[in-house]
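> For this one, chain B is given, so just place chain C on it according to the hints.
Protein chains in written order, with the working numbering: chain B, 1 to 155; chain C, 1 to 732.
Everything labelled a hint here was simulated from the structure, so no lab data went into it.
Ideal placement from N, C-alpha and C gives every residue a C-beta, glycine not left out.
Among these hints, one or two may not hold up.
Here are the computed distance ranges between Cβ atoms for each label pair [claimed, not checked]:
(1) B:N53 - C:K566: 52 to 62 Å
(2) C:K585 - B:T118: 24 to 34 Å
(3) B:T118 - C:G239: 29 to 39 Å
(4) B:G75 - C:K202: 43 to 53 Å
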Amino acid sequence: MISLTINGKTHELDIDPDTPLLWALRDELNMTGTKLGCGMALCGACTVHMNGNPTRACSLPISAAAGAKIETIDGINSPAFQAVQQAWRELDVVQCGYCQSGQIMSATALLQTNKKPTDAEIDVAMSGNLCRCATYQRIRGAIHQAADNLGGKAK
Amino acid sequence: MNFLKRQIVQAEQNSGSANLTRRTFLQAISASGGLLIGSGLMVGSAPINAADKTSVENSAPIFNAFLKITPDNKVTMVIKHLDMGQGVSTGLTSIVAEELDASWEQMAWEFAPADASRYNNLFWGPTQGTGGSSSIANSWMQLRQSGAAARAMLVAAAADEWKVPVEEIKVSKGIISHGDRSSGFGALVAKASLLPVPQNPKLKDPQDFQLIGKNIPRKDSNDKTNGQAIYTQDILLPGMLTALVAYPPQIFGKVKKFDATKAKASPGVVAVVEFPRGIAVVAENFWAAKKARVLLQVEWDLSACETRSSNELFNACHELASKPGNIVKAEGDAAATLANAEQVIQAKFELPYIAHAAIEPLNCVVKVEKNNCELWFGCQMPTVDQQQVAAATGVKPESVKINTLYAGGSFGRRACPSDYVVDAANIAKQVPGRAVKMVWTREDEILNGRYRPMAVHHIRAAVSPEGKIIAWQHHAVAQAILRGTPFEGMIQGPVDGTVAEGIDDMHYAVPNLLVQASEIPIKVSTLWWRSVGHSGNAFVVETFIDQLAQAAKKDPVIFRRELLAKEARALGVLNLAAEKSGWGKPLPKGVTRGVAVHKSFGTWVAQVAEVRVNPDKTFKVERVVCAVDCGVAVNPDVIRAQMEGGIGMGLSAALGEAITLNKGVVEQTNYHNYPLLRIAAMPRVEVHIVPSAEVPSGVGEPGLPPIAGAVANALFAATGKPLTKLPIGDKV
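In isolation and in its complexed conformation, chain B is listed as follows (with noise of 0.2 Å):
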């Protein structure tokens, strides 16, 4: 039995130890708004919060994250992720949509700890995070817009 913190919620699974966090959640928890992109944390498809860390759950064993507290697109809502949120949806950031959970929170965990991310430091924070329709420059802009917004609020 592993015990889980999921965005606020402690959930007791009786699962092999070595499952991926990203199958917990899919499979156990009906939490899907993490995806599937390549199995190897190399597109950030997955990226979920680990205290507040961007962590590829693909990747990461449910037995590594017992005790973490875990947050995930589902139930994140912290001032960071709101701003990123609405800048998202103000660019129009999205086209297929399917890598965009794990961009907002990979652009949310920036914001949570640089409040105003240079061009170059936003390349840096989401080089982990693919996206086949190349939506890039929005996601840029839109962190820009999102920092604006948050002013000095971001924590």
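Coordinates of chain C only, in the frame set by chain B:
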């Protein structure tokens, strides 16, 4: 491409069919299935008699029931195309909303069911499907008429209710009004649906458009920014199982024998089933299936598989290209002109196989029961998939129900017969009564890729002392896409039209032109990849044009202008891109510009790339200025987004994508050895739209073809060395 040729003919027919006939509207009525009060009312769902019905069945469909209006004033568009990111749920909805005079906020949408009698692509005859950048283009008049007919009926209902002349009634943003009286649509729908059908609904003057041409927000942004959008991967059904497949290590391999004893004993495994293309582990969840899959012991029969490596395949292509091929275009006498020319330029090009690699790996959910079958997936070709699943399961095609979901990208990959959908059906039919979600991992997706064909081009051209192209002889060699597939019937003539696509309609003025094309059979599976043949052919033509410009001692933009003097729309985008990019103005040290212009799917695009070459020979594409002429710009922001995306994806392929073979085996497996463009390499992109009143053409693909050539030409300007191979890599 054959699709395109058909599209142009049909677009012309379509644009001339503004008048709605009695018969075509009856088609709509028939399709709507009568009154649907409560669950949504199809406007125009008046009763018809048997005689009318006969005539309906004999008529070619022009438009069908595309909208439902409920008493709460919600208008729901039925979207006949797959939204895989290109924005059709927004674009198609806005066309109906425009003619209906609805407010954008009251518009909702849903995917259409699989039913070619109502939802066929008008450019494809009796086939429902999405591709060839045709969604807006084929729907344009159909949906304008649909919206206008509904509006006229609502207005007539209000006039009758209020006892006022129809002409005095106004409709704006979903409110029907006369003097002090007003009503939403919902209150009038029941009455409107019983009124006579307008046979010739008046379409708006484009000057009065409120939504078309405006930057209205996407309809799918909310769901795609909160994790709630449902893709195939996200479908949850009671008792659903997950299937992973052990596929042979090479395409066209087969199972010789296998031992599933260990896999079957693995926790969570429900069944192990064999089907024509592999062995599937069916389990309670993904992780159980994945752990069991590695326990399968399979011996493969690879006797039908490719054995050559990429360098051998390129050599075979070059050998073929050096001989005469099938003539697909001949004007004047290129050979004689070349034989007598003072200055002959020649080049040999190589283009690799490339993979679609959408971030959502392919997947499909199927439930097979005795006499019916239901599917849930990002379905791009409903008619084809329905028929193929029927054949695989023994269920009648009309009993194959398809629930179309968002696709996490496709770029052509989901428009593929006899492939993943049939695999999923073949697995699910062996677990009857249970929904089975077949999931491919990234490795499965790359291994079972249907790649953009590799290609070789040999070109010789002559430039006159006055700096004009006087002859161009071109031989394109590539593997066919359609040969050996259910779409083979689309091939017209001896060669698959995708081989010389974008070359055989050479838009540059060349008096002596010979275009030859040859197919080379290779045991690798191929498919349309965003912009199909244009994806590589535009690079070949546009970089060769810069070589000729250099030979002619002319600026690349001026050289193109002279050659495009009779192509007004080409000149329009070329001049706009040149002007907005500041072509000819000084650049910072180390930065150079390159230009390319290309037409695909009826849309003209020109791009100017600014590239910085560093002292260590690495380079960065810093800025791209793009001009597009796609006729009426239905949604300018979606057009900009598609240009940005096409540029990003085209740049990704140009810089680093290649599928290579080692003794027939694909060497790439995942994103570490099949690298996609990442954010740091994305240039600033500026998109400028040429104002136009022409019938709209597509934007999903046309943004992609020019970028590789524009970047390569900027690098040519920097180094003086022409680039003739893709991918370029990270250094010049």
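> Each of the hints needs a verdict: does it hold here or not?
Now the hints, each set against the structure:
1. The given range of 52 to 62 Å is respected by N53 of chain B and K566 of chain C, whose C-beta atoms sit roughly 60 Å from each other.
2. Taking the beta carbon of each, K585 of chain C and T118 of chain B are about 27 Å apart, inside 24 to 34 Å as hinted.
3. The beta-carbon spacing between T118 of chain B and G239 of chain C, approximately 51 Å, falls outside the hinted interval of 29 to 39 Å.
4. The supplied range of 43 to 53 Å is met by G75 of chain B and K202 of chain C, whose beta-carbon atoms lie about 50 Å from each other.
The structure fails to meet hint 3 from the earlier list, while all remaining hints are met.
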